[in-house]
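S.K.: Okay, here's what each chain looks like letter by letter:
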Amino acid sequence: MTTTLRAAKKSIGHIILWVYLIIILYPFLFVLFSSVKSDNQEIASNPFGIPSTFHIENYYEAWVNAKISVYFFNSLYIATLCSIVSVILASMASFAITRMRYWKTSKGMYQFILIGMLIPGNALLLPIFIMLKDAGILGTHLALIIPYTAGAIPFTVIILSAFMRSLPGELEEASVMDGLSAKGIFVRIILPITVPALVTVFIVNFIGNWNEFLMANFFISTDELRTLPVGMVGFRDIYNTNYAQMSAGIVYSVVPVMIIYAVLQKQIIEGLTAGSVKG
Amino acid sequence: MNKALRKPWTYVLFLLPVLLLYVLFFIYPMIDAFEKGFTKWNGIGAAQFNGIKNFDRALTDDKFWNSVKNNGYFILFSVFVQVPIIIFFSLLISNVKKLQGLYKTVVFIPSVMATAVIGILWSFIYEPDIGLLNIILTKLGMQPVMWLSEPKWAMFSILITNAWQWTGWYVVMVLAAILSIPKEIDEAAVIDGANGFQRATKVTVPLIMPIISVVIMLSIAGAMKAADIVIVMTKGGPGGATDVMATYLIKYGITNVKYGYGNAIAVLIFVFTLILTVLYQWLIARRSERIEYE
Numbered sequence: 001m002t003t004t005l006r007a008a009k010k011s012i013g014h015i016i017l018w019v020y021l022i023i024i025l026y027p028f029l030f031v032l033f034s035s036v037k038s039d040n041q042e043i044a045s046n047p048f049g050i051p052s053t054f055h056i057e058n059y060y061e062a063w064v065n066a067k068i069s070v071y072f073f074n075s076l077y078i079a080t081l082c083s084i085v086s087v088i089l090a091s092m093a094s095f096a097i098t099r100m101r102y103w104k105t106s107k108g109m110y111q112f113i114l115i116g117m118l119i120p121g122n123a124l125l126l127p128i129f130i131m132l133k134d135a136g137i138l139g140t141h142l143a144l145i146i147p148y149t150a151g152a153i154p155f156t157v158i159i160l161s162a163f164m165r166s167l168p169g170e171l172e173e174a175s176v177m178d179g180l181s182a183k184g185i186f187v188r189i190i191l192p193i194t195v196p197a198l199v200t201v202f203i204v205n206f207i208g209n210w211n212e213f214l215m216a217n218f219f220i221s222t223d224e225l226r227t228l229p230v231g232m233v234g235f236r237d238i239y240n241t242n243y244a245q246m247s248a249g250i251v252y253s254v255v256p257v258m259i260i261y262a263v264l265q266k267q268i269i270e271g272l273t274a275g276s277v278k279g
Numbered sequence: 001m002n003k004a005l006r007k008p009w010t011y012v013l014f015l016l017p018v019l020l021l022y023v024l025f026f027i028y029p030m031i032d033a034f035e036k037g038f039t040k041w042n043g044i045g046a047a048q049f050n051g052i053k054n055f056d057r058a059l060t061d062d063k064f065w066n067s068v069k070n071n072g073y074f075i076l077f078s079v080f081v082q083v084p085i086i087i088f089f090s091l092l093i094s095n096v097k098k099l100q101g102l103y104k105t106v107v108f109i110p111s112v113m114a115t116a117v118i119g120i121l122w123s124f125i126y127e128p129d130i131g132l133l134n135i136i137l138t139k140l141g142m143q144p145v146m147w148l149s150e151p152k153w154a155m156f157s158i159l160i161t162n163a164w165q166w167t168g169w170y171v172v173m174v175l176a177a178i179l180s181i182p183k184e185i186d187e188a189a190v191i192d193g194a195n196g197f198q199r200a201t202k203v204t205v206p207l208i209m210p211i212i213s214v215v216i217m218l219s220i221a222g223a224m225k226a227a228d229i230v231i232v233m234t235k236g237g238p239g240g241a242t243d244v245m246a247t248y249l250i251k252y253g254i255t256n257v258k259y260g261y262g263n264a265i266a267v268l269i270f271v272f273t274l275i276l277t278v279l280y281q282w283l284i285a286r287r288s289e290r291i292e293y294e
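Chains A and B, in that order, are what the protein sequence lines are.
Position 9 of the first sequence, counted from 1, bears residue number 9 in the working numbering, the numbering being contiguous throughout.
Position 86 of the second sequence, counted from 1, bears residue number 86 in the working numbering, the numbering being contiguous throughout.
Same shape as in the complex, but just chain B (with noise of 0.2 Å):
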């Protein structure tokens, strides 16, 4: 019918920017890490393939490990201790109807902050001696703790601020799948007698179980994204205690300037994402997916 939009240059001239920048930022830098990983370079002339040295060397180094025991915990601490709380205050600003806006509004605030500063202000809280919690608990009659300096609280209060920080994001994204739903099936179950827990439970919950198991997947993305809030609050430390698998691998691959053994961890984190993936789809998503709103 029409020349203009059939001329195929006219396609390649609209896209090429974008599969540029694409193919450069996204599929090269993919490719390259697999390729080093298995070099030993250090940045300088050519870099030596030593087969499977490098991944020999990570998985058994017990302090790579640890960096994975950690994202472990960003995943179970998400999984198990705030996905409970987001359906409970999805479940709770669902049921009001004052202020609804308001509390919608105000719990998605930390969300859109930088996760740098965010790691400050909390710092700052955790701060030992003029920081905001030491000094409830000294009022309570408490010893003081050592937040971000004692290995055993360090990583559970980097938990709290990471989940301190997403918590409303993700109650904003389960609040407008319960929104969504008619109403009608509400007012059915209200008619049967059902209470509001058993309404919560036997209803609601069911009904959005597709977007509860959107909201685990992208905790665990985000678990395995973490670096930042770590770098910033503890920088890996005490001792190692809160290093994450990104966190190892800037320490060894651009401080150290270990780039063979960089992009091996890399790729490890690759595998290790996908296996998550592929894992979560196959014991969970699969599962839920069969739940049909009608």
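Next comes chain A alone, as it looks inside the complex (with noise of 0.2 Å):
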């Protein structure tokens, strides 16, 4: 009896985590069906369903017509861009605060870009706004891609500070009795093994660049220029009748994050998780 009792348990369990499969998933899904409806009275009418009959023009439509492709790639140069640039300076500035042994302002250092993890954002986003605005180069692209390359830091000095410390001591001093300098240890001994802490800082930091909306929606004014989660708003707003054509923009959003998720879910949960921990 009592292992009919525990069955029957187990099953409740997994019938309330389905519920919560289904209220994740399911927005999702009513999104990717809308996308290829005719018109919004196919939507009201048949919300659930399967389209009747496939509008693939509507992806054409958002995808020339509506620029998604313009923002599209705007966010794919900038993403890709600022995430390398943070990941190269950040692996230097960690080598210098972890490998460096003798040096003693090591530990303050790192405490000190800490400090970055518990500044809240918003708070900055009027003086960074002003200090582009002085430096004239509000509206460009390098509006965004300087705040969002030092935006990373102090997360990327943290996580692959981590990384090198717990790298054995024995490396390096090997390397420098083979009279390596520095920049050769640093290129050729720790570089090569920090790889997997790399890819992690380097996705992590790829999909918030990918994701972030209040700069690029303040900082930039031009159409041409825009990344993809302001296009999109943009896009809602002035095609918010036809919702279609709507879903189709919102499947070009989350399709490369989806995919990027699907081959990385592991370096990006260790990665999102451990920099939230830290903070």
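Hints may contain errors.
As the list claims (entries may be wrong) - In silico DMTMM-like links for lysine to aspartate or glutamate, alpha-carbon gap of 25 Å or less: (1) Lys9/A <-> Glu127/B; (2) Lys97/B <-> Glu184/B; (3) Lys183/B <-> Glu270/A; (4) Lys98/B <-> Glu270/A; (5) Lys40/B <-> Asp61/B; (6) Lys104/B <-> Glu270/A; (7) Lys251/B <-> Asp61/B; (8) Lys67/A <-> Asp223/A; (9) Lys133/A <-> Asp32/B; (10) Lys133/A <-> Asp223/A; (11) Lys133/A <-> Glu187/B; (12) Lys67/A <-> Glu224/A; (13) Lys9/A <-> Asp192/B; (14) Lys152/B <-> Glu127/B; (15) Lys152/B <-> Asp237/A.
FYI, nobody ran anything at the bench for these hints, they're computed from the structure.
All values reported here derive from a predicted model rather than from experimental measurement.
Join the two chains, each given in its own frame, into one complex according to the hints.
M.R.: Here you go:
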């Protein structure tokens, strides 16, 4: 009797979890179905069902006429560039902080950068806006590229320092014996071993930059330079009468992240949760 | 022993770019906000010092306090509604063996999505005529609800969307903590005759108090940060009903070019966040840290 009771409890657990999964996944499915429906009327009359006819042209309209393609490549370029640069710079700094152990200020430097995790980002929005305005780069892609690169630094340094600290010290002692310089140790010894951590921080930064909205919304004013999240919001505001096309736009914004997540979920979860716990 | 690792300029060279960016985009803006918050400045010409006038204006403005109150709703909802749900689902997932990986993977999905896109997706779901929610309500014979345009529903609708986005992220964090508890502890409880509910409340939850404490702290930090979801879904409306401190700052500081006043709001965001962090450390974190695993 107890075994049936336990089995019943187990299946109740699974049922509750499936309800949760449906609540998570159904909105995506709703949008996916809506994206190939003919018009609002079909969405309203048949909200749950598979569309009667497939209107793939919604995707064409969104991609070309609504300029989703422009926003998409702006986002891709900015997110990739910023993530690469911040990972390179942060790995250099983490190397200095953790491996140059004759250096007395190493711990203080680490804690100084750690403060960045505690500063509420929203409060920095206006002073950075003014600073970029004074520098004359407000409204250009640089107005996102530099703050995105800088913004990722505390998190990236924390993760990379933690990783580098765990590497045995004998490694570079041996390399010094072999006559390598600090630069040589960094490039030939430390970087290759750090690759898994570098991939993690790159992906997490990429997703963060790809998704960023506030700066992208207020620091860029020309349509041609907008990133995907901001472009999507503008697109909704203009085309909010055509939900089928709007759904196609949402699919474009969601799919790349879904693919990255499907392939690299372990690194992403580790990176995001590690970054948050330290903060 | 070796010269290469002792040269101070090598450190400087490795650190310089990061330090430069960090000071320029974290430390300097913070100091700048504190300085400009005490001025009247529209961005043209020099900023004029005007003492605590900006702060006085903000703290006597009902609209500002309304935005503070809405940040408060975010905090209350995350701590008292979301956190219990997070613990419940983490316990549930940790207890199943079949499909555990699937549950963990799927619940995390919304956390990697852009908040802006999730805001758009949910605005569609909340849409009065063809949105999913009202279609369900009408099919059940109930009255449709103006989710985002009625003041009494707008904040609630945003809180639901926000919870939908972030619950899974915290579930994965708590789940990791539960799974790292040594099996023997739970087995011992089973031998002592504890049932599932007793094991959860008397054994597992006390053991994961430190991570729950972290989750609460992060929820509070997240609640103070919320702004993009509000801008995308309601732009602070209807009539300021969903404004939070950050959207209030944007309205005055950026849209209306009141830099002095905007920076004063930025300072207030710093101060409020700091007060919450200190209060939290003092009231809760200090207590929960005392519970040790062994």
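S.K.: Hints first: check each against the structure and report whether it holds.
M.R.: Hints and how they fare:
At roughly 38 Å between alpha-carbon atoms, Lys9/A and Glu127/B are farther apart than 25 Å, so this suggested pair is violated. Taken as a hint, the Lys97/B and Glu184/B pair is honoured in the structure, with Cα atoms around 17 Å apart against an allowance of 25 Å. Simply put, Lys183/B and Glu270/A have alpha-carbon atoms about 22 Å apart, close enough for the 25 Å limit, and the pair holds. Distance check on the hinted pair: Lys98/B and Glu270/A sit about 22 Å apart at the alpha-carbon level, within 25 Å; holds.
As the CA atoms of Lys40/B and Asp61/B are separated by approximately 17 Å, the hinted pair is consistent with the 25 Å bound. As the CA atoms of Lys104/B and Glu270/A are separated by approximately 13 Å, the hinted pair is consistent with the 25 Å bound. Pair hint Lys251/B plus Asp61/B holds up; C-alpha atoms about 14 Å apart against a cutoff of 25 Å. Proximity of Lys67/A to Asp223/A is assessed by CA-CA distance (about 9 Å); at most 25 Å being required, the pair is judged to hold.
At roughly 14 Å between alpha-carbon atoms, Lys133/A and Asp32/B fall within 25 Å of each other, so this suggested pair holds. Straight-line distance between C-alpha atoms of Lys133/A and Asp223/A comes to about 19 Å, which keeps the hinted pair within the 25 Å bound. For the hint pairing Lys133/A with Glu187/B, the CA-to-CA distance comes to about 62 Å; that exceeds 25 Å, so the pair is violated. Restraint check: the Cα-Cα separation between Lys67/A and Glu224/A comes to about 8 Å, which is no more than 25 Å; the hinted pair holds.
As the CA atoms of Lys9/A and Asp192/B are separated by approximately 20 Å, the hinted pair is consistent with the 25 Å bound. Our distance criterion of 25 Å between C-alpha atoms is met by Lys152/B and Glu127/B, whose separation comes to about 16 Å. For the suggested pair Lys152/B and Asp237/A, the alpha carbons sit about 23 Å apart, so the restraint of at most 25 Å is met.
Hint compliance for this structure: hints 1 and 11 are not met, and every other hint is.
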